[in-house]
Amino acid sequence: MTQSPQGKGGPERGDDDGLATGLRHLATDDGAPLRIGARLRNYFLTGLIIVGPVTLTVYFIWWVINVTDAWLKPFVPAVYSPDTYLPFSVPGIGLLFGIVFLTLTGALTANLLGRSLISFGEMALDRMPIVRNVYRALKQIFESVVSATGMQQQAFQKVGIIEFPSKGLWSIVFVTGETKGEIKITEPGGEEDMLTVFMPTGIVPPTGFICFVPRRSVTLLKMSVEDAAKIVISAGMVVPDYEARLKQLAEQARKAGVAVPDPIAVTPKE
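Take the sequence shown: its position 116, counting from 1, is numbered 116 in the UniProt record's numbering, and each next residue is one higher.
Hints were generated in silico from the structure; no laboratory data involved. Nothing false has been slipped in among the hints.
Straight-line C-alpha distance at most 25 Å; calculated DSS-like pairs for lysine-lysine:
#, residue 1, residue 2
1, Lys167, Lys222
2, Lys222, Lys247
3, Lys247, Lys158
4, Lys158, Lys184
5, Lys158, Lys180
6, Lys184, Lys139
7, Lys158, Lys222
8, Lys222, Lys255
9, Lys158, Lys139
10, Lys230, Lys247
11, Lys139, Lys180
12, Lys158, Lys230
Work out the full structure: start from the sequences and follow the hints.
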């Protein structure tokens, strides 16, 4: 009795076919290893997005504490320093001392004696030719920075765009206010309204250009200063969701009883 070829090679042929199918499965995009690799890559990127900002923030805070301690800790009296009573150094003592000192200085200016002492100190600095120029410039800078925290009006009032560096190219600017003083009086445009704007350069916001431009040359945007700063710092990679903002404003208007149409989605032209 002869055995058929199928009966003789059935199991081996079946194993070979299964192995070939498995290899083809591994070599395609539907293969499990490739799916696992893509998942691992996504998990890694997600972890990087979560851990990266937290790590950099903690590092920055730690750096500020160390720098402040290096500057101010030597001025802390030994009686009030925990390092005198503990076998290890306590971080943040210099920063805490600086906060207390600034708070007490601010409280001192609330009475007549404190204001008189500060006025006397400023008068003494104004008598020094070089020092007074440096002091006045630094004072204006600190007043501008502090004003951004809400103690006065915000340093950057609005966000706009102007045609720069050439026609058809637009750059983000932060509007600091109306142009005043000698620049307003002597500007070539005569009596035309001028705006003072700050144009940041790339991903380094502290650097940029101070421009005095006609009001008609500035196209104001509805985005917040914070959203515009995100665009600049991220080199345009982080863009606020304008449609989501429109929907949020429409929802707030509906809750207030104002009838508004649904926001229309902006679709690119073909």
